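2 protein chains.
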Amino acid sequence: MVHPLEDMRPAAVTASRFEQGFWGARLDTNRQRTLPSQHAQLAATGRIAALDPDHRPDDPRARHIFYDSDLAKWLEAACYSLSVHADAVLARQVEELIAAFGRLQRADGYLNSWFNIVCPEKRWRNLRDEHELYCAGHLMEAAVAHQQATGQGHFLAMLCRYADHIAAVFGRAPGQRRGYPGHEEIELALYKLYRATGQTRYLDLSRYFIDERGQSPPHYYDVEARARGEEPRGAPYDYCQAQAPVRAQDRAVGHAVRAMYLYSGMADIARHDADEGLLQAGLRLWENVVHRQLYVTGSVGASGQGERFTTDYDLPEETAYCETCAAIGLVFWAQRLLNMYGEGRFADVMERALYNGVLAGVSLSGDRYFYVNPLASRGDHHRQEWFGCACCPPNIARLLASLGTYAYSEGQAAWVHLYAAGGAELEVEGGTVRLDVATEYPWEGAVAIRVDPGRAREFALCLRLPGWCRQAGLRVAGEEVPVERVTRDGYARLRRTWQPGDLVELELAMPVERVWAHPAVRMANGKVALQRGPLVYCLEEADNPFVPLARLALPASAELRRVRRPDLLGGVDTIEGEALVAEVADWQETLYRTRPARTQAVRIAAVPYCAWDNRAPGQMLVWLRSL
Amino acid sequence: MVHPLEDMRPAAVTASRFEQGFWGARLDTNRQRTLPSQHAQLAATGRIAALDPDHRPDDPRARHIFYDSDLAKWLEAACYSLSVHADAVLARQVEELIAAFGRLQRADGYLNSWFNIVCPEKRWRNLRDEHELYCAGHLMEAAVAHQQATGQGHFLAMLCRYADHIAAVFGRAPGQRRGYPGHEEIELALYKLYRATGQTRYLDLSRYFIDERGQSPPHYYDVEARARGEEPRGAPYDYCQAQAPVRAQDRAVGHAVRAMYLYSGMADIARHDADEGLLQAGLRLWENVVHRQLYVTGSVGASGQGERFTTDYDLPEETAYCETCAAIGLVFWAQRLLNMYGEGRFADVMERALYNGVLAGVSLSGDRYFYVNPLASRGDHHRQEWFGCACCPPNIARLLASLGTYAYSEGQAAWVHLYAAGGAELEVEGGTVRLDVATEYPWEGAVAIRVDPGRAREFALCLRLPGWCRQAGLRVAGEEVPVERVTRDGYARLRRTWQPGDLVELELAMPVERVWAHPAVRMANGKVALQRGPLVYCLEEADNPFVPLARLALPASAELRRVRRPDLLGGVDTIEGEALVAEVADWQETLYRTRPARTQAVRIAAVPYCAWDNRAPGQMLVWLRSL
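Taken in order, these protein sequences are the chains called A and B. In terms of our numbering, the first sequence opens at residue 1 and continues consecutively. In terms of our numbering, the second sequence opens at residue 1 and continues consecutively.
Misleading hints may appear alongside valid ones.
As the list claims (entries may be wrong) - Computed Cβ-Cβ distance ranges for the label pairs, DEER-style:
| hint | chain 1 | residue 1 | chain 2 | residue 2 | range |
| --- | --- | --- | --- | --- | --- |
| 1 | A | T590 | B | Q20 | 30 to 38 Å |
| 2 | A | D586 | B | P596 | 50 to 58 Å |
| 3 | B | E559 | A | Q305 | 36 to 44 Å |
| 4 | B | D59 | A | D586 | 56 to 64 Å |
| 5 | A | Q305 | B | R284 | 53 to 61 Å |
| 6 | A | F387 | B | A616 | 40 to 48 Å |
| 7 | A | A558 | B | V602 | 25 to 33 Å |
| 8 | B | A556 | A | R565 | 35 to 43 Å |
Unchecked claim - One side of the interface only, derived from the structure: several residues of chain B facing chain A at Cβ under 8 Å:
| hint | residue |
| --- | --- |
| 9 | D222 |
| 10 | R292 |
| 11 | A520 |
| 12 | P548 |
| 13 | P596 |
| 14 | A597 |
For the record, the hints were derived by calculation from the structure and aren't laboratory data. None of the values given here were measured: they were computed from a predicted structure. Ideal placement from N, C-alpha and C gives every residue a C-beta, glycine not left out.
Construct the complete structure from the given sequences, taking the supplied hints into account.
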């Protein structure tokens with residue numbers, strides 16, 4: 001039995017700072033380029049106009065069942081940004097959007113642009129497919145972020161009225177419908193609404209949605225299909241994790257983003273209720289994902305058919321789907337488990353996803369996006385400015401704009417999960433602790449943290465020792481601390497009386513590593529991935545003109561060096577070495593023959609996966625043949 | 001410039017015998033099991049009833065636009081079988097089907113169960129998608145086979161009337177439509193009809209269909225779309241090889257089966273007309289397919305999306321589509337080029353496709369089929385008794401039932417392309433030559449051919465020296481013949497005065513071979529396929545309990561032995577040796593780690609690819625990692 005920690009919680013968005021360095025640059029781009037360009041895209045693609053009931057577009061595609069969620073995620077991102085950086089233009093855009101949603105809301109609280117304007121008669125008739133509760137959830141998250149950013153309650157009040165309406169419609173009381181969302185998301189959003197308002201009815205509704213899922217017979221999706229006059233598809237509804245009650249589930253199945261959002265909501269409720277059954281179900285699912293279904297890039301959801309999980313160890317590289325939103329959802333889930341258990345194994349997955357599968361989702365320029373993140377490309381996979389189904393871009397924006405909540409935790413201790421130049425002010429055992437962090441992480445393993453509790457005070461500072469790190473050194477106020485003696489569950493736990501200005505120096509050994517996958521991962525047999533620190537690397541055609549890159553093989557004896565390249569991709573470290581390439585010259589027009597290709601030694605250079613496809617289009621490869 | 005041979009033609013179906021041995025057993029099964037069970041499937045799935053205008057099925061799917069072609073291919077197969085083996089039941093089934101088609105034929109000659117019964121108003125309105133000319137072509141092929149098998153002309157006359165109708169509707173004369181089939185097939189069928197009847201209007205129509213394809217502007221598929229009130233899709237129509245006139249094409253594109261049928265028809269017309277432009281276009285396409293887009297199993301068409309060719313060297317193993325019909329179509333095309341040029345390179349591809357990609361399409365029991373033939377399987381790919389789209393099963397049946405036409409040619413020489421126990425009676429320079437062939441091919445490379453020209457006579461006997469064979473011995477009437485001295489273009493050409501009873505002894509060295517693919521084939525880098533003689537081998541889980549099979553790697557030094565296994569799969573030779581398997585035991589729940597898997601030496605056994613999936617379901621793998 002696992003006992004969640006009693007008081008550990010993510011830092012507030014406003015509590016952290018990211019200054020220069022790896023994340024400072026990315027977050028500046030997110031604020032300066034991503035948020036404005038996304039607003040322009042939302043306007044240009046009709047998503048904003050779609051809120052106006054009087055707007056009559058020629059093109060019926062100018063409205064869509066999940067447009068509201070795109071707007072809501074952007075609103076949430078913008079509010080996080082406003083909470084730490086005033087911006088009159090952004091604030092006006094936010095209030096205009098909120099006002100437009102306000103004009104759309106019905107007297108009974110219902111709020112959805114598609115169903116209010118296009119087909120009011122279809123409200124709540126198809127939870128399985130039509131994303132109403134999903135859109136509602138995203139609006140709730142946005143409203144909570146808005147209230148926290150501005151201190152104003154009008155948007156939050158709108159969403160409370162909507163939540164009250166939903167609570168009246170769905171539930172187990174007589175006259176209510178026993179429905180639950182086809183695309184989960186509202187569960188975690190209702191929990192946020194509960195935390196923001198203290199209203200337990202939102203907690204109750206979230207708990208209801210979680211526990212009602214997958215109950216049968218009758219299965220609600222069958223019931224509502226019959227009510228629409230349609231033939232039910234019949235069980236299993238594993239596409240949306242409704243094949244069984246969630247407590248009976250032990251494998252991540254179906255649509256990966258839905259799964260991640262559900263599991264995150266389950267973690268919220270399980271922790272709140274100290275619900276051992278729900279906790280254990282969550283951990284079983286976590287272990288399945290992390291031990292059997294996780295890409296080395298921290299992405300999940302192998303198949304594009306249904307954007308879904310497939311079978312254990314099925315992690316193809318070229319056809320990998322790995323939706324950006326799924327990696328983001330994994331970060332959400334990992335963060336919840338991390339703050340529940342305080343164990344580095346959750347932070348390791350969170351970090352892996354964040355630095356690789358998530359961050360690859362947005363260009364260095366901040367205005368182009370991957371929806372799909374394969375681990376090998378023939379050169380035909382490129383970021384786009386926007387998508388018809390545009391869930392990923394504003395999802396990245398809101399994650400980056402709230403990065404501090406993933407980097408730090410507070411409560412009974414001050415926790416540092418992600419190392420980044422900047423710092424935080426954390427509430428620890430009733431007082432404020434200021435941390436100033438100096439580091440070139442993820443390029444260097446040295447982290448210096450100046451601790452300032454205001455006055456000398458005893459408390460614990462918990463510093464993550466990443467799972468990828470095999471050797472760490474630690475000095476506190478100039479004195480060497482034996483790391484293994486203070487480390488538990490992946491964190492160096494430094495409980496002492498801290499003086500203002502105490503310096504903690506952490507040195508994480510960060511060699512270039514070859515990574516092998518479990519032999520059950522079919523495509524990775526005989527291959528290695530290259531990793532240094534939290535960054536997974538890849539080969540791009542731009543640096544390695546040996547297409548197809550599958551021709552390359554890395555001898556076991558090849559020395560791999562980290563090379564600083566301030567000139568490249570905004571400043572990255574590459575991994576370089578000598579590999580063998582299969583020669584094509586003597587094949588001419590032969591397709592098959594009875595002797596192998598000759599090989600030739602060539603220099604190769606790998607770049608961080610998160611920085612790929614920011615240059616000329618070309619092939620890319622994460623898993624490299626190993627000799 | 002290539003000069004087609006003046007008189008080389010496939011032997012008639014009735015001219016050859018297959019006795020015991022590899023093919024004898026397969027052909028017995030085809031006759032005894034495949035043809036009757038397919039007739040039962042045609043009946044059980046409503047395909048036969050669908051010919052009856054008075055039959056009113058409840059299920060609208062009980063008729064289909066290409067049901068006629070399934071029936072036609074079965075009829076063709078049955079007629080080939082009847083031509084060499086009397087069977088009263090089969091003959092009755094054939095005549096009943098022909099009579100049903102006869103009742104369906106309109107006064108103007110039009111004959112199509114879908115358009116006659118379901119939607120007469122849509123006749124000839126959508127050549128791009130609706131398979132009318134495709135069905136017509138298959139009926140023509142069946143009618144020619146029927147006339148040749150029975151000597152009766154009623155079916156052939158029906159199809160001549162239909163062809164006359166088609167010739168009246170389509171063409172370049174005023175009032176005619178400039179259309180051509182979306183699914184090619186009628187081109188080669190019309191050529192057969194011309195050969196059977198001597199009527200040049202069928203030749204002209206075939207030539208018209210070939211040369212009109214892809215002409216623009218306007219593009220016919222745009223024209224007919226507008227006539228239906230639809231928005232044209234617009235060029236390129238490469239899915240059905242109509243992106244450009246065929247003479248301007250130099251890469252095989254689009255739907256692979258359509259391509260193979262088109263190219264076969266092009267070869268027929270090019271040869272008949274000695275049309276150098278068309279010949280060269282065909283050779284360009286051939287070289288593209290054989291040098292860039294051919295699986296080692298002789299299959300083509302890499303992608304299931306559109307059942308089509310993709311890009312050069314794109315030959316994925318697990319997701320390989322490789323429709324059985326496409327490999328059959330490749331056999332048709334190869335046979336035409338072989339009989340045009342008399343060069344072994346065409347026979348090599350024909351043999352590779354036949355023994356591997358085609359033959360895998362049917363179970364050893366003769367009543368289960370693959371539509372898709374991947375080169376690796378996770379264990380979830382199995383033959384089925386039938387398909388909603390059932391093109392492949394009767395296509396295999398008709399190919400096997402006419403195998404002799406692929407094995408032998410006649411004309412200015414007696415040609416043996418495929419070695420099989422049995423023999424043939426060939427017309428050579430005005431006389432009959434009887435060949436009696438004794439061999440255990442493809443298990444043994446020894447072939448003994450007794451030649452009987454009736455009386456002593458000079459002519460050439462051309463014996464194929466397969467491209468896979470690197471060392472051959474030859475004795476004629478007891479005397480050693482230096483092979484290299486008599487060999488040209490892959491055939492030992494033995495021109496001499498043959499005495500009745502002369503014995504030719506051919507000894508083809510048949511070692512186990514490792515085969516490597518061109519390094520541009522991404523998935524095959526670092527891997528080998530195993531081949532012996534014409535047979536490509538694969539590993540099945542049944543013999544190699546080391547799933548996933550991708551865990552196996554074959555050291556370069558590993559000795560591979562052929563092992564006779566009369567007990568296995570109806571009697572096959574296996575290839576056995578020692579490989580290394582990556583151990584999973586010490587991974588526990590680790591998905592990624594920084595040291596490679598330990599390996600262990602294990603015995604492996606490979607079976608012929610054509611015999612896979614005839615035992616317990618399991619994984620399969622053709623390309624084996626090579627160390």
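These are the hints, each one checked on the structure:
1. The supplied range of 30 to 38 Å is met by T590 of chain A and Q20 of chain B, whose beta-carbon atoms lie about 36 Å from each other.
2. Checked against the given bound of 50 to 58 Å, the beta carbons of D586 of chain A and P596 of chain B, roughly 31 Å apart, lie outside it.
3. Checked against the given bound of 36 to 44 Å, the beta carbons of E559 of chain B and Q305 of chain A, roughly 42 Å apart, stay inside it.
4. Separated by about 59 Å at the C-beta atoms, D59 of chain B and D586 of chain A satisfy the suggested range of 56 to 64 Å.
5. Roughly 36 Å separates the CB atoms of Q305 of chain A and R284 of chain B, a value that falls outside the hinted 53 to 61 Å.
6. Checked against the hint of 40 to 48 Å, the C-beta distance between F387 of chain A and A616 of chain B comes to roughly 44 Å, which is consistent with it.
7. For the pair A558 of chain A and V602 of chain B, the beta carbons lie near 28 Å from each other, so the given range of 25 to 33 Å is met.
8. A hinted range of 35 to 43 Å for the beta carbons of A556 of chain B and R565 of chain A is consistent with their spacing of about 37 Å.
9. Using the Cβ-Cβ criterion of 8 Å, the hint placing D222 of chain B at the interface with chain A is not satisfied: the shortest such distance is roughly 23 Å.
10. The criterion of a C-beta within 8 Å of any C-beta in chain A is met by R292 of chain B, whose closest approach is roughly 7 Å, and the hint holds.
11. Restraint check, A520 of chain B versus chain A: the minimum CB separation of about 6 Å is within 8 Å; hint holds.
12. Hint status for P548 of chain B relative to chain A: holds, with the closest Cβ pair at about 5 Å, below 8 Å.
13. Checking P596 of chain B against chain A: minimum C-beta separation of about 5 Å stays under 8 Å; hint holds.
14. Interface restraint check for A597 of chain B: the shortest CB-CB distance to chain A comes to about 5 Å, inside 8 Å, so the restraint holds.
Consistency with the previously given hints fails for numbers 2, 5, 9, ordered from lowest to highest.
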